[in-house]
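Undergrad: Protein chains in written order, with my numbering: chain S, 1 to 279; chain A, 1 to 334.
Careful: at least some of the hints might be erroneous.
Claimed, not checked - Computed list of lysine-lysine pairs in BS3-like fashion (alpha-carbon distance at most 25 Å, straight line): (1) K318(A) / K301(A); (2) K95(A) / K77(S); (3) K181(A) / K205(A); (4) K135(S) / K181(A); (5) K276(A) / K48(A); (6) K260(A) / K236(A); (7) K77(S) / K318(A).
Unchecked claim - A few chain S residues that face chain A, going by a derived Cβ cut-off under 10 Å, partial list only: (8) G58; (9) F64; (10) S97; (11) L100; (12) G149; (13) I228; (14) A230.
If you're looking for bench data, these hints aren't it; they were derived computationally from the structure. Beta carbons: idealized from backbone N, C-alpha and C, even for Gly.
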Amino acid sequence: MPSARCSMLERAPQDDRVTEVRPVAFRGAGFVPKAGRASGWTALALVIALWQLAGSAGWVNPLFLPAPSAIAVALYKLAMSGALWQHVSASVVRIGSGWLLGTVAGVIIGFAIGLSTLARGVGITFISALFPIPKIALLPLLILWLGIGEEPKIATIALGVFFSTAISVYSGVDAVPRNLIRMAQSFNVPFHAIVTRVIWPGALPSILAGFRITASVALLLVVSAEMIGAQFGIGAFVLQAGNLMQTDQLLAGVVILSLFGLAVGKAINVLETRLLHWR
Amino acid sequence: MTKFARLALAGLLAMAAGGIAWADDAQKAKIGVLRLSSSAPVFIAQDKGYFREAGLDIELKFFDAAQPIAVATTSGDVDFGITAFTAGLYNLAGKGTLKVIGGMSREKAGYPLIGYFASNNAYAAGLKTPKDLAGKRIAVTQVGSSFHYSLGLLADKYGFKLADVKVLPLQSLSNAAAALKGETVDAALLPISTARSLVDSGGAKFLGWVGDETPWQLGAVFAAPKTLANHAMVTKLLAALARADREYHDVILASVKGGKAEINDKTKPLLEIIAKYTNLPVEQVVGNCAYIDPDGKLDVKNVDNQIAWLQDQGFVDKGFAADAIIAKEYVKAD
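Working from the sequences, and respecting the hints, build out all of it.
TA: Here's what the structure looks like:
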């Protein structure tokens with residue numbers, strides 16, 4: 001077969017002159033990666049099995065890399081003691097309110113930047129100047145300004161979420177086809193209707209892609225946020241386990257954060273299929 | 001002046017040459033330390049060549065927190081570690097990856113190291129002595145740290161429950177200092193080096209020193225079991241350290257009055273060595289001279305107490321005591 005195809009290619013220029021008609025199969029299907037049900041879980045199971053094997057066979061020091069079974073035991077103990085729920089609920093409140101605050105502010109500012117010249121000039125300057133500041137470096141200042149209650153923890157998460165959201169929203173607004181907006185304007189569609197009927201749905205795909213990133217950012221930042229005098233919270237638990245060199249508990253905390261990440265990813269999948277069914 | 005400079009240069013060259021000559025047959029080893037004056041004897045032994053004279057070629061590896069030193073010793077990145085006891089260190093030692101081979105700094109009356117400090121508002125509201133800390137909101141760096149344990153000892157001494165105190169782990173000294181200055185906590189445990197500028201600028205009030213209230217064994221020398229097998233090397237290292245311990249004790253600690261070492265002809269050379277390694281001016285070094293036993297002894301009874309306390313709090317895995325983590329053949333017990 002390969003040789004036949006090869007000779008066909010070589011003969012191709014001659015065929016042009018003959019103008020012979022031959023059927024061609026449809027090729028332009030594009031790349032449509034589907035979320036496979038099995039492949040992801042199989043890969044995960046394989047990695048965990050290998051990890052457990054390395055632990056049980058004594059290839060790695062359990063102190064440096066506790067086996068999955070040890071992590072499961074740590075998780076079980078945590079759940080049985082009841083502390084797990086205290087940690088999870090404390091963190092969910094912080095992540096949820098921080099993400100919501102940051103997202104609302106980010107969407108508003110992002111739309112303003114996408115729609116107004118003044119807001120664009122001011123907004124992009126400030127975002128570029130403030131976005132790269134590591135929030136951890138600001139912790140002592142946040143403590144001075146907001147104390148050590150819930151406020152600085154929520155503010156840390158909200159700040160991290162805000163910038164990414166604002167950037168993904170205004171680039172989403174910028175990416176809405178200009179001819180659609182111009183057409184609506186030509187038909188004298190009022191401004192608010194253009195925003196809600198044309199720009200919002202047009203920008204929604206990139207806004208939702210932004211949510212996917214900011215939800216993970218919120219999870220990342222919960223550890224820094226809970227550096228500020230938190231007694232409960234998954235971040236505080238991970239920090240404490242790290243300080244005490246309890247590596248199995250440390251990884252148990254990390255597993256919980258990963259599960260959060262998976263759950264949030266699923267939730268955004270649902271949102272995408274609901275809101276973007278027209279795509 | 002030029003004559004002096006030449007002399008100094010010649011001296012340096014001679015020292016360097018001596019170093020090279022020694023290095024040929026010297027055993028190489030790395031020590032993990034913090035740039036704090038509580039490790040002063042290590043700096044003295046290194047700078048004055050005591051390690052070299054003992055036949056060791058020592059390289060100092062500097063860390064910025066106690067915990068990573070214990071981890072690096074376990075993983076073999078350094079051969080010896082010298083730093084404060086932490087819950088993390090005990091957890092590593094409890095798994096048999098570390099053993100304590102000697103004592104280092106101690107909290108002792110008259111030698112300020114860690115202190116209790118109150119916020120201005122709390123001070124005005126009646127928090128005047130360490131005894132009044134019961135029931136207050138107190139910032140520490142980390143759970144299971146030296147600061148946390150010091151607070152536990154204080155609770156035992158004055159008969160209040162640690163559970164009544166709200167202990168707030170803020171992860172770093174700068175965070176704890178910020179919380180104290182911003183009046184969001186009533187008090188904090190801070191080392192003198194962090195607290196001095198805070199108190200001098202009126203941001204906090206001094207309550208007392210841990211050493212005066214509850215003396216305890218703060219720091220130690222430790223090594224991984226692999227290093228311990230090299231009996232000759234460990235013995236040489238401990239002998240060189242003991243020599244520096246004795247010198248530090250007899251020269252500097254003997255001159256400490258009112259929490260400060262004197263600067264005179266005898267102490268100046270040693271103070272300058274400590275200043276060089278800790279990157280502090282001599283005027284600041286004199287104010288935080290940690291007490292170190294002249295023979296490098298370890299307060300084993302206190303180490304046992306620390307482990308039991310941390311186990312009670314759930315910070316250290318249960319099932320071992322001090323004798324399991326101490327290399328008895330090397331440690332001189334107090």
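Undergrad: Evaluate each hint against the coordinates.
TA: Structure-based check of all given hints:
1. Only pairs whose Cα atoms come within 25 Å are accepted, and K318(A) paired with K301(A) is accepted, the gap being roughly 18 Å.
2. With a C-alpha separation of about 20 Å, the suggested pair K95(A) and K77(S) falls inside the 25 Å cut-off, and the hint holds.
3. Between K181(A) and K205(A) the alpha-carbon distance is near 10 Å, which keeps this suggested pair within the 25 Å criterion.
4. Proximity of K135(S) to K181(A) is assessed by CA-CA distance (about 20 Å); at most 25 Å being required, the pair is judged to hold.
5. Distance restraint check for K276(A) and K48(A): the Cα-Cα separation of roughly 13 Å lies within the 25 Å cut-off, and the hinted pair is therefore satisfied.
6. For the hint pairing K260(A) with K236(A), the CA-to-CA distance comes to about 32 Å; that exceeds 25 Å, so the pair is violated.
7. Distance hint between K77(S) and K318(A) is fulfilled; the C-alpha atoms sit about 15 Å from each other, no more than 25 Å.
8. Among the interface hints, the one on G58(S) is violated; its C-beta lies about 14 Å from the nearest C-beta in chain A, farther than the 10 Å criterion.
9. Taken as an interface hint, F64(S) checks out: its beta carbon lies about 7 Å from the nearest beta carbon of chain A, inside 10 Å.
10. The interface hint given for S97(S) is violated, since its Cβ lies 20 Å from the closest Cβ of chain A, which is over the 10 Å cut-off.
11. For L100(S), the interface hint is violated, the least distance from its beta-carbon to any beta-carbon of chain A being 25 Å, above 10 Å.
12. Interface restraint check for G149(S): the shortest CB-CB distance to chain A comes to about 8 Å, inside 10 Å, so the restraint holds.
13. Nearest Cβ of chain A to the Cβ of I228(S): about 7 Å, under the 10 Å cut. The hint holds.
14. Residue-level restraint check for A230(S) holds (minimum Cβ-Cβ distance to chain A is 8 Å; threshold 10 Å).
In summary, the numbered hints that this structure violates are 6, 8, 10 and 11.
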